[in-house]
Amino acid sequence: MEFKMGPETRQVQGTWDASTYKFRMDGTGVRLLTEGMKDKKIKGIRCSECGMVYVPGPTYCRKCFVDIDEVVELKDTGTVMSYTVEMADVRGNPRDEFLISAMIKLDGADSWFVSSVKGVDWQEFKVGMRVKAVWVDEPAGSLTDIDHFEVIPE
Amino acid sequence: MRNVAVIGVGYTPVFVSKRRDVNIVEMISESVDAAFQNTGLTPDDIDAVTFGNMQTFEGLNLPHLWASDHMRAIDKPIIRISTGGTTGMSVLQAAYYYVASGMYDVVMAVSWEKQSEGDSQVGLSGIVLPEAMTMVAHGMDLFTGKGIGFGGGGSTGAASYQAMSYLHHSGAEPEHIDKMAALERSNAALNPYAHLRKKTTVEDIQATPMVAFPLRFGHTCPTSDGATTCIVASQEMVDKLTDGNVAWITGVGSATSDPCTANFLEGQITDPAEQKPAKIASEKAYRMAGIENPGRELDMSEMYNGFAHQSLMWLEKLGVCREGEAHKMLDRGALDIGGEMPTNASGGVFSTNAIGTSAMNRPAECALQIMRKIEGEHQIPKKIKKALAHGWGGMFQYVTVMVLADEPG
Numbered sequence: 003m004e005f006k007m008g009p010e011t012r013q014v015q016g017t018w019d020a021s022t023y024k025f026r027m028d029g030t031g032v033r034l035l036t037e038g039m040k041d042k043k044i045k046g047i048r049c050s051e052c053g054m055v056y057v058p059g060p061t062y063c064r065k066c067f068v069d070i071d072e073v074v075e076l077k078d079t080g081t082v083m084s085y086t087v088e089m090a091d092v093r094g095n096p097r098d099e100f101l102i103s104a105m106i107k108l109d110g111a112d113s114w115f116v117s118s119v120k121g122v123d124w125q126e127f128k129v130g131m132r133v134k135a136v137w138v139d140e141p142a143g144s145l146t147d148i149d150h151f152e153v154i155p156e
Numbered sequence: 103m104r105n106v107a108v109i110g111v112g113y114t115p116v117f118v119s120k121r122r123d124v125n126i127v128e129m130i131s132e133s134v135d136a137a138f139q140n141t142g143l144t145p146d147d148i149d150a151v152t153f154g155n156m157q158t159f160e161g162l163n164l165p166h167l168w169a170s171d172h173m174r175a176i177d178k179p180i181i182r183i184s185t186g187g188t189t190g191m192s193v194l195q196a197a198y199y200y201v202a203s204g205m206y207d208v209v210m211a212v213s214w215e216k217q218s219e220g221d222s223q224v225g226l227s228g229i230v231l232p233e234a235m236t237m238v239a240h241g242m243d244l245f246t247g248k249g250i251g252f253g254g255g256g257s258t259g260a261a262s263y264q265a266m267s268y269l270h271h272s273g274a275e276p277e278h279i280d281k282m283a284a285l286e287r288s289n290a291a292l293n294p295y296a297h298l299r300k301k302t303t304v305e306d307i308q309a310t311p312m313v314a315f316p317l318r319f320g321h322t323c324p325t326s327d328g329a330t331t332c333i334v335a336s337q338e339m340v341d342k343l344t345d346g347n348v349a350w351i352t353g354v355g356s357a358t359s360d361p362c363t364a365n366f367l368e369g370q371i372t373d374p375a376e377q378k379p380a381k382i383a384s385e386k387a388y389r390m391a392g393i394e395n396p397g398r399e400l401d402m403s404e405m406y407n408g409f410a411h412q413s414l415m416w417l418e419k420l421g422v423c424r425e426g427e428a429h430k431m432l433d434r435g436a437l438d439i440g441g442e443m444p445t446n447a448s449g450g451v452f453s454t455n456a457i458g459t460s461a462m463n464r465p466a467e468c469a470l471q472i473m474r475k476i477e478g479e480h481q482i483p484k485k486i487k488k489a490l491a492h493g494w495g496g497m498f499q500y501v502t503v504m505v506l507a508d509e510p511g
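So the protein sequences, as listed, match chains A and B.
Heads up, the first sequence is in this note's numbering, so the first residue is 3 and it goes up one at a time.
Heads up, the second sequence is in this note's numbering, so the first residue is 103 and it goes up one at a time.
Simulated from the structure, these hints should not be mistaken for laboratory data.
Do not take every clue at face value.
As the list claims (entries may be wrong) - The calculated PhoX-like cross-link candidates involving lysine-lysine, where the alpha carbons are at most 25 angstroms apart (straight line), are: (1) Lys77(A) - Lys40(A); (2) Lys107(A) - Lys281(B); (3) Lys40(A) - Lys248(B); (4) Lys107(A) - Lys120(B); (5) Lys386(B) - Lys65(A); (6) Lys42(A) - Lys300(B); (7) Lys43(A) - Lys248(B); (8) Lys6(A) - Lys65(A); (9) Lys300(B) - Lys281(B); (10) Lys381(B) - Lys65(A); (11) Lys120(B) - Lys77(A); (12) Lys6(A) - Lys120(B).
Please build the complete structure, drawing on both the sequences and the hints.
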């Protein structure tokens with residue numbers, strides 16, 4: 003039952019231009035975050051019914067489905083909930099430097115986000131470690147105003 | 103609700119990286135023809151067709167209408183279903199609903215993917231385009247890893263957070279992922295319809311580069327071209343059209359959670375390793391199938407595992423064993439083809455991944471194992487009375503489950 007592939011059939015080049023699409027996206031939560039980052043503050047949105055705090059977050063609660071707009075300020079410290087260490091690209095080509103990327107839950111927040119963690123040996127890094135944001139000298143109101151996180155020494 | 107059985111399966115002759123010799127609809131027709139050949143049915147016996155694949159992988163809209171001739175579906179109802187990685191099983195579940203409800207008696211479920219005609223990374227990014235573009239507009243750096251919100255590594259990167267959280271909560275070690283990978287690839291070597299068919303040792307896996315710790319290149323599924331067709335029928339039609347050697351669908355369940363792959367704009371509120379839909383969907387399916395102790399009553403499982411840690415994770419999340427037990431089952435050989443819970447005797451998605459088919463191949467393999475019609479050396483020696491098939495997809499959030507058995511419910 004050996005399969006023998008038949009002669010190659012013709013191939014034509016296609017095109018699919020993603021730039022023809024213009025998506026409507028509510029940037030309220032991420033704008034609240036980046037504008038606060040200009041002053042080295044991290045701001046999220048809290049649901050007054052269940053207390054969930056989203057950083058950034060939608061303008062409705064994802065548990066209660068009510069509109070939410072209570073702004074809360076969070077500390078720039080948090081806990082590592084999971085992580086990975088990027089050692090090669092998706093095709094297997096090794097990276098020059100390993101990069102730790104952690105899912106971080108800021109103190110006071112219920113949502114997690116991803117950020118790189120530097121200044122620690124990846125083999126020492128663990129779920130549950132405490133981390134703190136490292137800000138750039140002159141934040142400009144962008145997601146890169148926090149350059150990375152570092153481990154808080156015990 | 104009527105009893106429904108899978109009466110036959112048709113695969114394309116192979117699942118490989120590139121089918122250069124056929125176009126999409128020609129490839130689909132190969133599996134449809136195989137299903138007719140394997141059941142002795144003709145197109146006139148089929149009342150309706152369900153169909154599925156993942157849209158952005160081939161950049162083709164309405165493939166089911168292009169394929170209508172090739173599926174012999176002219177004058178018949180066709181519906182296309184697309185639920186990410188669970189597509190194949192959703193398509194088969196829909197065929198089940200058609201027959202169980204009494205609307206139709208014999209339904210053909212067709213799934214396929216021809217990933218060689220597109221780019222899988224582009225296909226996957228088609229899921230998150232609006233979010234990704236918004237984040238870039240707010241300063242997210244796609245390349246250097248600076249700033250917050252950046253989660254790199256493509257699909258392997260996304261799965262690695264899940265793998266790390268799973269290891270943390272279960273007590274399994276990265277070496278268990280290597281062991282599961284070697285087991286499944288060695289199983290695939292026995293399966294002529296698998297894609298990656300080289301007998302593989304733990305050392306072979308450990309020699310592959312680490313992409314996103316704890317996931318190696320050798321822990322990652324391939325991308326494949328292939329199509330799978332299943333034919334389902336009511337009990338009355340089973341009596342009329344078959345010799346009775348069929349696989350009954352006794353349990354069906356599915357559930358969704360919120361997207362949990364580092365989605366930034368709306369906040370990630372769920373651990374990607376929690377997978378609550380697996381608990382909900384499996385409980386539904388077990389209840390329907392009359393199964394109270396899945397670990398004891400099931401004879402085999404086929405899990406949707408794009409990444410080698412997932413077989414272990416799903417055994418726990420689907421209630422086949424307790425949290426933290428799966429790697430111990432692996433260590434004592436319970437997951438081997440000759441073990442008490444043979445898992446992915448086919449090699450799983452981890453060895454063959456034409457994405458649209460991947461969640462249909464799980465119940466297809468279960469059906470073939472029950473009917474003892476496996477064309478290959480991975481037929482499980484012991485009699486299979488009850489089998490568990492699982493599908494997973496979307497933004498780490500969809501789970502589908504089916505239970506198949508050698509007797510109707």
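Status of each hint after checking the structure:
no. : hint                  : verdict
1   : Lys77(A) - Lys40(A)   : holds (15 angstroms)
2   : Lys107(A) - Lys281(B) : violated (32 angstroms)
3   : Lys40(A) - Lys248(B)  : holds (16 angstroms)
4   : Lys107(A) - Lys120(B) : violated (43 angstroms)
5   : Lys386(B) - Lys65(A)  : holds (23 angstroms)
6   : Lys42(A) - Lys300(B)  : violated (54 angstroms)
7   : Lys43(A) - Lys248(B)  : holds (18 angstroms)
8   : Lys6(A) - Lys65(A)    : violated (54 angstroms)
9   : Lys300(B) - Lys281(B) : holds (15 angstroms)
10  : Lys381(B) - Lys65(A)  : holds (19 angstroms)
11  : Lys120(B) - Lys77(A)  : violated (51 angstroms)
12  : Lys6(A) - Lys120(B)   : holds (13 angstroms)
Hint violations for this structure: numbers 2, 4, 6, 8 and 11, all remaining hints satisfied.
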